[in-house]
Amino acid sequence: MAAQEIFDDLDLLLRRAGGRTRFGYVLREAISLGAPLGFRANSPEARAHEEELHRYPVTRELTDVFQIIRGRVPRDLPMSVGTSAPAGMVRLLGGRDVLQDGSIADADDHTRWVEQTDLAPPLVSGDLVFREILAPKHQRFIFARYTHLDDPATPASGVVVLRPHGDVSTEAVRVSLAYLGSKHCKTLHDMAASTLGGHIRLGLQSMRLPQPDSALAAAVREIEDAKEKFEAWSFTAREVISSAFEEGTPTEAHAHIVATGRNLRLRAEAASSIDDFSTGIRTRFPHPLSYRWRTVEANLSAGTVHQAFSEILEAAEVVLCLLANLALAAARDVGRSIGAMTSVTDKLSSRRSGPSFGDWLTILSEVHTSRTLRSAAPERHVLHDLGDLLADGPAEQAIRSMKSRRDDYAHLRRPTALEQETQEALGDLRTMYSAAFFMAETPLHAVDSTTWDSIEGVGTAQTRDLVGDHSVVATRELKTEFQLDSGSLYLGTQTGLLLLRPYLIGRACRDCGHWSTFHADRFDGAEMTLKSLERGHTMSDANQVRAFRAAGLIV
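Just so you know, we're using this note's numbering here: the sequence shown kicks off at 1279 and counts up by one.
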């Protein structure tokens, strides 16, 4: 590198009002009073990292989550060296004992032991033991989580201990651990603490940590539950083979291994099937969406390309129709209305037509863009999931491509290369289903009957979970703290049951006898014509007209 290159770069910086060059940068804003003056601490990269962290929904000072304990043991305490602990002594845990893989090293010939006194406080299970001094090459903090399985120990100089405060939740600690072990955390620490040398303690004191909101806390708990189940299955698999011949005859051992192996294999196959896109839709989505996807696959496998193309277009409209009607119900749940529903109301009330693909898209677009609407919804409310649907660029493009195909098909404009167009449409439909994959955790409940105990304030409902591509399912009993409407559909969400009537109505179809999910399609002034999402069959209903009017679907 020639010195002239550096001088030329400096000359360029002196003539700029802001921005970065190869060797330096110019700040557009003054450094605030008390902020670090280091080159890396004020670099555009450091500020970008800080802004990214500030955009995180919930953060806390590290000292609000952890107590910081610096290892320090008086030199005059009795000490011993060796692989095992002398009587009355505990291990003196230093930086070399904290390994890069996140574990604590086994005792060796150089391990130090000290007499346990108040001057050498013990580590407790759950403590995070950090190396205090790191080389520049280390891209992450090096720390280990101390457990009751480790030797009784006290921290030495060279380590910093973070001990969770007693009122901090398990989920908050787990999320903090994930962040502390990330490159992002170490990078931000190094930039902010560039004047502190290789010591991390002072940098930790000023650090902020991302913390879980209720949705993330629930997800962390679910992940931990899944982890425990998988570990239990793994233990069973090891145990069944290692101990098969410990008791009983070889014949009994043979039968035991075969039977247990079958159960484990079936568990593994069921778990693996979730990763399969089609299986996930057919088994986990609300029935109308699962059924439509199965119909598309059936026609594709039969080689009926024209019918398959038609089914793909219908499935796309059903996806949008279902999600838009869920949005209408979700908005009502938070005491808001969706302005785009006016178009649907005008069409139904004027008796000239019913809602269209474009109406459903307009409703979802408003949910996506309306801050007023989404700000009224509590955390984890399904309205946020519905609003995020169009935040995915590929999903929005897929939906608009499907609308264009649907419009062409309705006006008898057929594609010339039908097979190619069918594959492209199928790809767009997959994108739409992928964007709506949160529906895999929102079951559709049909309430058949209810009872209410006004003294205890407890309701009992007989419900059917309409999940997957078959509508014939078992009835189960559901306990609630509020009364449910018998004969109505509810969506199971993270914030509770969402009443869908009259936007979506479940009942047996008069044409085919199959259970179907209906939405408002036409109004003649006395009766509402309902249209099935599953098969497109229609039926008239005069009993729900008052409910449709109360919901604002007709005037």
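Honestly, the hints are just simulated from the structure, not real lab data. For every residue, glycine included, the Cβ atom is placed at its ideal position computed from N, Cα and C. Heads up, some of the hints might be wrong.
Said to hold, decoys possible - Computed list of lysine-lysine pairs in BS3-like fashion (alpha-carbon distance at most 27 Å, straight line):
1. K1507 <-> K1464
2. K1461 <-> K1415
3. K1461 <-> K1505
4. K1809 <-> K1681
What the hints assert, rightly or not - Distance windows between CB atoms, simulated:
5. A1326 <-> S1362: 47 to 53 Å
6. S1631 <-> L1690: 15 to 21 Å
7. A1496 <-> G1302: 44 to 50 Å
Against the structure, the hints come out as follows:
Distance hint between K1507 and K1464 is unfulfilled; the C-alpha atoms sit about 33 Å from each other, more than 27 Å. About 12 Å separates the Cα atoms of K1461 and K1415, which keeps this hinted pair within 27 Å; it holds. Pair hint K1461 plus K1505 holds up; C-alpha atoms about 24 Å apart against a cutoff of 27 Å. In summary, the hint linking K1809 to K1681 is supported, as the alpha carbons are separated by about 19 Å, within the 27 Å threshold.
Checked against the hint of 47 to 53 Å, the C-beta distance between A1326 and S1362 comes to roughly 51 Å, which is consistent with it. The beta-carbon spacing between S1631 and L1690, approximately 18 Å, falls within the hinted interval of 15 to 21 Å. In this structure the supplied range 44 to 50 Å holds for A1496 paired with G1302, their Cβ-Cβ distance being about 46 Å.
Comparing the model with each earlier hint shows a violation of hint 1 alone; every other hint is respected.
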